[in-house]
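The residues making up each chain are set out below.
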Amino acid sequence: MQAHLFFIFSFVIYLLTFLGHLTSLILNRPHWQSLALKGILFGFVVNAIGLVIELVHTGDFLLTSTSHTYAFLSILIVLFHLLLSVRYRVNFLALFSMPLVLFLMLASHLATGGDEGRELLIGYWLKLHVVLTFIAYSAFASACVTGLGYLIQDKQLKSHHPGKMFQWIPPLGTLDEINTRSLIVGILLLTLGLLSGFFWAKTSGGVFWVNDPKVLCAIAIWCLYSFLILLRVTSRVRGRKVAVVSVFGFALVILSFIGVNHTVIN
Amino acid sequence: MELFVLGLNHKSAPVNIREQLAFSEQDLQTVLPSLKQEAGLEEGVLLSTCNRVEIYGMAESNKSSQQVKEVICHYRDLSVDEMEPYFYDQINSQSVGHLFRVACGLDSMVLGETEIFGQVKKAYQTATDHKIVGTVMHRMFQKTFQLGKKVRTHTGINVGSVSVSSVAVDLAEKIFDDLKSKRVMIMGAGEMSEATVNHLVERGTESILASNRSYDRAVALANRFKGEAVHYDDAFNRMSEVDIVISSTSAPHPIIQFDQVKKLMQERGQKPIFFIDIAVPRDVDSEIDKIDNVYLYNIDDLQELANENLKNRQAQLEKCEQFIDEEVGRFMEWYQNLGKGWKV
Numbered sequence: 001m002q003a004h005l006f007f008i009f010s011f012v013i014y015l016l017t018f019l020g021h022l023t024s025l026i027l028n029r030p031h032w033q034s035l036a037l038k039g040i041l042f043g044f045v046v047n048a049i050g051l052v053i054e055l056v057h058t059g060d061f062l063l064t065s066t067s068h069t070y071a072f073l074s075i076l077i078v079l080f081h082l083l084l085s086v087r088y089r090v091n092f093l094a095l096f097s098m099p100l101v102l103f104l105m106l107a108s109h110l111a112t113g114g115d116e117g118r119e120l121l122i123g124y125w126l127k128l129h130v131v132l133t134f135i136a137y138s139a140f141a142s143a144c145v146t147g148l149g150y151l152i153q154d155k156q157l158k159s160h161h162p163g164k165m166f167q168w169i170p171p172l173g174t175l176d177e178i179n180t181r182s183l184i185v186g187i188l189l190l191t192l193g194l195l196s197g198f199f200w201a202k203t204s205g206g207v208f209w210v211n212d213p214k215v216l217c218a219i220a221i222w223c224l225y226s227f228l229i230l231l232r233v234t235s236r237v238r239g240r241k242v243a244v245v246s247v248f249g250f251a252l253v254i255l256s257f258i259g260v261n262h263t264v265i266n
Numbered sequence: 001m002e003l004f005v006l007g008l009n010h011k012s013a014p015v016n017i018r019e020q021l022a023f024s025e026q027d028l029q030t031v032l033p034s035l036k037q038e039a040g041l042e043e044g045v046l047l048s049t050c051n052r053v054e055i056y057g058m059a060e061s062n063k064s065s066q067q068v069k070e071v072i073c074h075y076r077d078l079s080v081d082e083m084e085p086y087f088y089d090q091i092n093s094q095s096v097g098h099l100f101r102v103a104c105g106l107d108s109m110v111l112g113e114t115e116i117f118g119q120v121k122k123a124y125q126t127a128t129d130h131k132i133v134g135t136v137m138h139r140m141f142q143k144t145f146q147l148g149k150k151v152r153t154h155t156g157i158n159v160g161s162v163s164v165s166s167v168a169v170d171l172a173e174k175i176f177d178d179l180k181s182k183r184v185m186i187m188g189a190g191e192m193s194e195a196t197v198n199h200l201v202e203r204g205t206e207s208i209l210a211s212n213r214s215y216d217r218a219v220a221l222a223n224r225f226k227g228e229a230v231h232y233d234d235a236f237n238r239m240s241e242v243d244i245v246i247s248s249t250s251a252p253h254p255i256i257q258f259d260q261v262k263k264l265m266q267e268r269g270q271k272p273i274f275f276i277d278i279a280v281p282r283d284v285d286s287e288i289d290k291i292d293n294v295y296l297y298n299i300d301d302l303q304e305l306a307n308e309n310l311k312n313r314q315a316q317l318e319k320c321e322q323f324i325d326e327e328v329g330r331f332m333e334w335y336q337n338l339g340k341g342w343k344v
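Chains A and B supply the protein sequences, listed in that same order.
Under my numbering, the very last position in the first sequence is 266; numbers go up by exactly one each time.
Under my numbering, the very last position in the second sequence is 344; numbers go up by exactly one each time.
The shape of chain A in the complex, shown without the other chains (with noise of 0.2 angstroms):
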């Protein structure tokens, strides 16, 4: 109940530093920018008690529970925000990043089941594939919103008259830094998550669980990201292209997450 009431207060910050952030955009003041990342980390260390309390009482650290899966995602893209935030001293994240986290965190909420397969899941290598891949999920996030950012910045240039937004969204540049770095990380994690996945499949009974709808959905994001990843290293895409890609590849990540949730529970 307690943890219940830490998520409800968290998702109510987060709700209000988008509408601010929103407000500020359209009202053009810039300097209410400032208050959007405090407002984010004081809802980051509410949702982050709240998720400590509700692990510590179910004992879900393995993220058994759909809810748990979403709740823990959503955190860590804020937690993902702020780093990049602070970082690269850029505001406009939250436009784009909080609307996912609040999505997660009502899915978290609406979600139930997926504790049956519990027993199964023990052992090193599964704690290392779930937190590997989350990570990697949430740096695929981070992709995504700079590279919505970055398409609204090249609409803007492209139409020789920018808009309002054109102030407030950073640079091209900075923008394809962030992209490609999130989408490096997220590859190595995933693909270092994928392996101790297969490790843990390997030792918990020597199934390589092929047929399971959320290693093929793994497979195939990971096919993707690679593609993708290997055509921007290799400066055959650049810039609107891997923007594109990487907000679709979420998107994909996004449905195969609700979609393999789903289809477990039924």
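Source of the hints: derived by calculation from the structure; they are not laboratory data.
One or more hints might be untrue.
To spell it out: a stretch of chain B is covered by chain A in this simulated footprint if at least three of its residues, at any positions, have a beta carbon under 8 angstroms from a beta carbon of chain A; those stretches are [stated by the list, open to error]:
1) 186 to 197
2) 231 to 240
3) 268 to 281
4) 295 to 301
Under the rule of at most 16 angstroms between Cα atoms (straight-line distance), these lysine to aspartate or glutamate pairs were calculated in the EDC-like manner [said to hold, decoys possible]:
5) Lys226/B to Glu206/B
6) Lys158/A to Glu287/B
7) Lys158/A to Asp301/B
8) Lys158/A to Asp285/B
9) Lys155/A to Glu206/B
10) Lys271/B to Asp154/A
11) Lys158/A to Glu206/B
12) Lys158/A to Asp289/B
13) Lys158/A to Glu173/B
14) Lys143/B to Glu327/B
15) Lys155/A to Asp292/B
16) Lys241/A to Asp292/B
17) Lys164/A to Glu308/B
18) Lys164/A to Asp170/B
19) Lys158/A to Asp300/B
20) Lys158/A to Asp292/B
Here are the computed distance ranges between Cβ atoms for each label pair [unchecked claim]:
21) Val56/A to Glu113/B: 53 to 63 angstroms
22) Phe9/A to Gln314/B: 24 to 34 angstroms
23) Leu317/B to Ser235/A: 43 to 53 angstroms
24) Ile184/A to Glu326/B: 48 to 58 angstroms
25) Glu308/B to Val244/A: 26 to 36 angstroms
26) Lys319/B to His161/A: 18 to 28 angstroms
27) Val86/A to Lys271/B: 22 to 32 angstroms
28) Phe103/A to Asn337/B: 54 to 64 angstroms
Idealized CB from N, CA, C, for every residue including glycine.
Since the structure of chain A is provided, determine the placement of chain B on it from the hints.
Positioned in the frame of chain A, the structure of chain B alone reads:
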């Protein structure tokens, strides 16, 4: 006691008059003490920039602005009568309002420019060093600086560039972020393209390539910016190395074509490139804008953005004046309450 401002600026006097009366830091060493002794100023600050010479002062008699005029004209060996038509003076609340307006950039040639703020600060500092600033001027200038900050934060008076060259550089910063590591090629010569390069250099660009149909002129241009001269025929080949191309040649047809740029983008690994086409007739085929990671702005695009920004600044004027009026009111109230029996 009376507060006053006496001066001339870009609106009241042409440059050939202003330059005769401009005071350097060194001049102030002599002028400031004589303002105190000969013109009878209790307190005073002398602001001298390329667009204005103004003396803000406080004095017992209401003749002091006339005496100030004599002191500064005398210092420059100018006849007071000849200079008379270029001067303006204001007293008390008007003079305070004038200072506020000047410091906020509302009286500047480029509305809302911020350089003047620093110049006012420096003038105040110099006067303080000469111990010609007392309670009143001290407060008046502190209030000026607070107001300047307030106006900048709460209005958009200094937002957006208002000249073609600085708009171009702003756009470059929105594309590349850090301009330090970027290379620029300038093709052809011209005031506006050179102003753009100057702005880029101010923001840190170090590497400049210059090209011109006449190689000698390319060399001269390159020397001016400590860059490298490039033969005109070789210019396109070298474009794969640069990030910004400023073009202002007098060629009658576009010299940079769609197919060329398409190929160029492959060579440069799709790295973004920004074409600033200042030439009329245009140097760059407008179709290249459709290529990914290629950004093209011509003179009209840039001028339009500059005009829009200026319009936006003008729209903020009313709000600025409101802030200024409020602050003048508060300051004058304090001044009148000083209670020293001054006749205000």
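Here is how each hint holds up against the structure:
1. Check on the stretch 186 to 197 of chain B: 0 of its residues sit with their Cβ under 8 angstroms from a Cβ of chain A, so the three-residue criterion for coverage is violated.
2. Three residues within the 8 angstroms Cβ limit are the bar, and the stretch 231 to 240 of chain B against chain A gives 0, so the coverage statement is violated.
3. Coverage of the stretch 268 to 281 of chain B by chain A holds [criterion: at least 3 residues with CB-CB distance below 8 angstroms; count 4].
4. With 3 residues having a beta carbon nearer than 8 angstroms to a beta carbon of chain A, the stretch 295 to 301 of chain B meets the requirement of three or more and the stated coverage holds.
5. Proximity of Lys226/B to Glu206/B is assessed by CA-CA distance (about 9 angstroms); at most 16 angstroms being required, the pair is judged to hold.
6. With a CA separation close to 12 angstroms, the supplied pair Lys158/A and Glu287/B stays within the 16 angstroms bound.
7. Distance hint between Lys158/A and Asp301/B is fulfilled; the C-alpha atoms sit about 11 angstroms from each other, no more than 16 angstroms.
8. As the CA atoms of Lys158/A and Asp285/B are separated by approximately 15 angstroms, the hinted pair is consistent with the 16 angstroms bound.
9. For the suggested pair Lys155/A and Glu206/B, the alpha carbons sit about 29 angstroms apart, so the restraint of at most 16 angstroms is broken.
10. The hinted pair formed by Lys271/B and Asp154/A meets the criterion: a straight-line CA distance of about 14 angstroms does not exceed 16 angstroms.
11. At most 16 angstroms may separate the alpha-carbon atoms for a hinted pair to count; Lys158/A and Glu206/B exceed this at roughly 27 angstroms.
12. Pair hint Lys158/A plus Asp289/B holds up; C-alpha atoms about 7 angstroms apart against a cutoff of 16 angstroms.
13. Restraint check for Lys158/A and Glu173/B: satisfied, since their Cα atoms lie roughly 15 angstroms apart, inside the 16 angstroms limit.
14. Between Lys143/B and Glu327/B, the direct Cα distance comes to roughly 8 angstroms. Compliance with the 16 angstroms bound is thereby established for this hinted pair.
15. Restraint check for Lys155/A and Asp292/B: satisfied, since their Cα atoms lie roughly 11 angstroms apart, inside the 16 angstroms limit.
16. A distance of roughly 8 angstroms separates the Cα atoms of Lys241/A and Asp292/B; the hinted pair therefore holds under the 16 angstroms criterion.
17. Pair hint Lys164/A plus Glu308/B holds up; C-alpha atoms about 12 angstroms apart against a cutoff of 16 angstroms.
18. Only pairs whose Cα atoms come within 16 angstroms are accepted, and Lys164/A paired with Asp170/B is accepted, the gap being roughly 15 angstroms.
19. Distance check on the hinted pair: Lys158/A and Asp300/B sit about 15 angstroms apart at the alpha-carbon level, within 16 angstroms; holds.
20. With a CA separation close to 10 angstroms, the supplied pair Lys158/A and Asp292/B stays within the 16 angstroms bound.
21. Look at Val56/A against Glu113/B: about 59 angstroms separates their beta carbons, and that is inside 53 to 63 angstroms.
22. Between Phe9/A and Gln314/B the beta carbon distance is about 45 angstroms. The supplied range of 24 to 34 angstroms is therefore violated.
23. Taking 43 to 53 angstroms as the suggested C-beta distance range, the pair Leu317/B and Ser235/A conforms, at roughly 49 angstroms.
24. Between Ile184/A and Glu326/B the CB atoms are about 54 angstroms apart, so this pair conforms to the stated range of 48 to 58 angstroms.
25. Remark: the range hint 26 to 36 angstroms for Glu308/B to Val244/A is upheld by a beta-carbon distance near 30 angstroms.
26. Look at Lys319/B against His161/A: about 24 angstroms separates their beta carbons, and that is inside 18 to 28 angstroms.
27. Distance hint check for Val86/A and Lys271/B: the Cβ-Cβ separation is about 28 angstroms, which falls inside the suggested range of 22 to 32 angstroms.
28. Restraint check, Phe103/A to Asn337/B: a C-beta distance of roughly 59 angstroms satisfies the suggested window 54 to 64 angstroms.
Going through the hint list in order, the structure does not satisfy hints 1, 2, 9, 11, 22.
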